[in-house]
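Chemist: In case you want the letters, here they are:
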Amino acid sequence: MSCKDPKVVRDLLNDDYFYKWIIEPDQECSNFWTRWANGNAQRNACIQTAKTILLSIEFKTDSISQTNKDVLWDSITDQIQKSSPTADTSSIDNSHQKKVKGHLWYGIAAAVTFLMIVLFSYYSDWDKPAEVAKSEIVTIKKVAEKGKISSFRFEDGTIVKLFAGSTIRFPEHFSGESREVYLEGEGFFEVKADPGRPFIVKTNSLLTTALGTSFNVRTYENSGKCDVSLVTGKVKVENLESSTGTLNQVILMPGEEAVLENGTVLKQPFNEEEKVSWKDGYIYLEDKTFSETLEILERWFAVDFEVINQELAEGTKGSGKIQAHNLEHTLQVIGSSFGFSYQVNEGKVIITL
Amino acid sequence: MSKGHTNIEGSSSPQQGKQIIFNEYIQQQDEELWSAFKQGSLIAYKFIYEQNIDPLFQYGNSIIADSELVADCVQDLFVDLYRRRSNLGEVHNIKGYLLISFRRRLFDSLKKQKKNLHVEQYGFEILMSESIGEINLADEKKESIRSALNLLSYQRREAIYLRFFNDLSCADIGKIMGIKTQSVYNLLSSGLKTIKETVFRNI
Chain A
1 MSCKDPKVVR
11 DLLNDDYFYK
21 WIIEPDQECS
31 NFWTRWANGN
41 AQRNACIQTA
51 KTILLSIEFK
61 TDSISQTNKD
71 VLWDSITDQI
81 QKSSPTADTS
91 SIDNSHQKKV
101 KGHLWYGIAA
111 AVTFLMIVLF
121 SYYSDWDKPA
131 EVAKSEIVTI
141 KKVAEKGKIS
151 SFRFEDGTIV
161 KLFAGSTIRF
171 PEHFSGESRE
181 VYLEGEGFFE
191 VKADPGRPFI
201 VKTNSLLTTA
211 LGTSFNVRTY
221 ENSGKCDVSL
231 VTGKVKVENL
241 ESSTGTLNQV
251 ILMPGEEAVL
261 ENGTVLKQPF
271 NEEEKVSWKD
281 GYIYLEDKTF
291 SETLEILERW
301 FAVDFEVINQ
311 ELAEGTKGSG
321 KIQAHNLEHT
331 LQVIGSSFGF
341 SYQVNEGKVI
351 ITL
Chain B
1001 MSKGHTNIEG
1011 SSSPQQGKQI
1021 IFNEYIQQQD
1031 EELWSAFKQG
1041 SLIAYKFIYE
1051 QNIDPLFQYG
1061 NSIIADSELV
1071 ADCVQDLFVD
1081 LYRRRSNLGE
1091 VHNIKGYLLI
1101 SFRRRLFDSL
1111 KKQKKNLHVE
1121 QYGFEILMSE
1131 SIGEINLADE
1141 KKESIRSALN
1151 LLSYQRREAI
1161 YLRFFNDLSC
1171 ADIGKIMGIK
1181 TQSVYNLLSS
1191 GLKTIKETVF
1201 RNI
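So the protein lines, in turn, are chains A and B. Just so we're aligned, residue 1 is where the first sequence starts under the working numbering, counting upward by one. Just so we're aligned, residue 1001 is where the second sequence starts under the working numbering, counting upward by one.
Bear in mind the hints are in silico, worked out from the structure with no lab data behind them. Worth double-checking, as some hints may not be accurate.
[As the list claims (entries may be wrong)] Where chain B lies over chain A, by a calculated footprint (3+ residues, C-beta under 8 angstroms):
| # | region |
| --- | --- |
| 1 | 21-28 |
| 2 | 46-57 |
| 3 | 312-326 |
No experiment lies behind these values; they were computed from the predicted model shown. Note that the Cβ used here is the ideal one computed from N, Cα and C, for glycine as well.
Build the full structure now, drawing on both the sequences and the hints.
Modeler: Below, the structure is given as structure tokens:
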């Protein structure tokens, strides 16, 4: 429908209240014009014509190509990584503090070496219930169910978050000169400082000793892989399966992680967001292919996937951080990006690309 | 009118070698996205870049047709933003916030190069579309409307650009241009009336 009455258009364009409606209406102004046009096709058409007259202009401008956007983004990230002024200043500011911590550390390291020997037999005891009973140590076991993250607070105030499907075992009371727990799966620890009693996390292959500090430990079910990622504080990570028979250990500073692969522990930097987003309930994905994404979701939600037309997703990589409210929400967000539809059937998800 | 969301939606079917970003942030309010960025999220940072690079670049290029200078200012803006992220305050409209800081940087560089006078004359050059609604415009009509509209003051052209091509409020535009909200309203109102008169004179 077009406006049949040029006079209405002229009247509108001579009305200050019409300009107010276009520029920045308040509630009253909007109500007025909505009532004025209410259901009247002719009036609506005239409003459209009047608006067109005012806004048929364009501006001369240039757009930026996708390639140039990517190039610009690369130089931005280059520059923020190169300079990283926060790291420099903190190392100057904390030099005194660091020294003090260093002294503390040596004292504890000595204690840990001693404890290690004790620990070894202590932990092998755990696999033999009869002997545990004899030594009167009560072991408690906490399990995070599949598809759920759970938190647990120890008697000393240390908090652990357990990733879905992980298990932690610990004595009913921390007695003696250290606080020791045993982990299978993945856990994020916020350790309550207690200089007299180091906190020790033991996995099958690694022993991590810490003071007040927060870090993430992950073991991988089907391989000998294991890693410890430090967020704050300082920890020592020892390899219990050193292939050479010699002592294999690293000391981590914040932002560093220890990775056990092929029998050796190495130190490397890590992406904190990627590693520990899970503890805040976020699924973090960076440059993940379709099948890598599904593997991660399998870990989170304990489901199996069946994929129809998987080849359509090959070559596509996705990034993002998704709140892991539930499986459906996650599938919706990822599905709308990858362009798939899905059906959930009793722990099995059928995905159609 | 460009919104600059083209490479993040990812709703079409995937292609070879394509990069996508899961679009949960699209549903989030600016406040949440901003606070995620302040807490150090690189994904949020990248998302802010993706979402605002088009409006920033186009705005800069409307001020001065110098893509290299505009890109330099965008780069400085984002690097500085990242370095100062933990000290930044709350932000309710990210695009508005970025445009304020970006405009200041661009004008500082222009002043150094003594190009700022040039801007007043050539910035926000208005083009005329082929038709006004159903009325097709002959070339000479189009040209005479176009040249008349480019006599609008620089401030009026910029205010119209920000209000109707970037969908910003008068208050935000006032902050960007460094003038009062009421002045923005007056510029827009008198600017639109000039457009009306020019068009009526020519059709």
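Chemist: Take the hints in turn and mark each one as holding or not.
Modeler: So, going through the hints one by one against the coordinates:
no.: 1; hint: 21-28; in the structure: holds (count 3)
no.: 2; hint: 46-57; in the structure: holds (count 8)
no.: 3; hint: 312-326; in the structure: holds (count 12)
Consistency note: the structure conflicts with none of the earlier hints.
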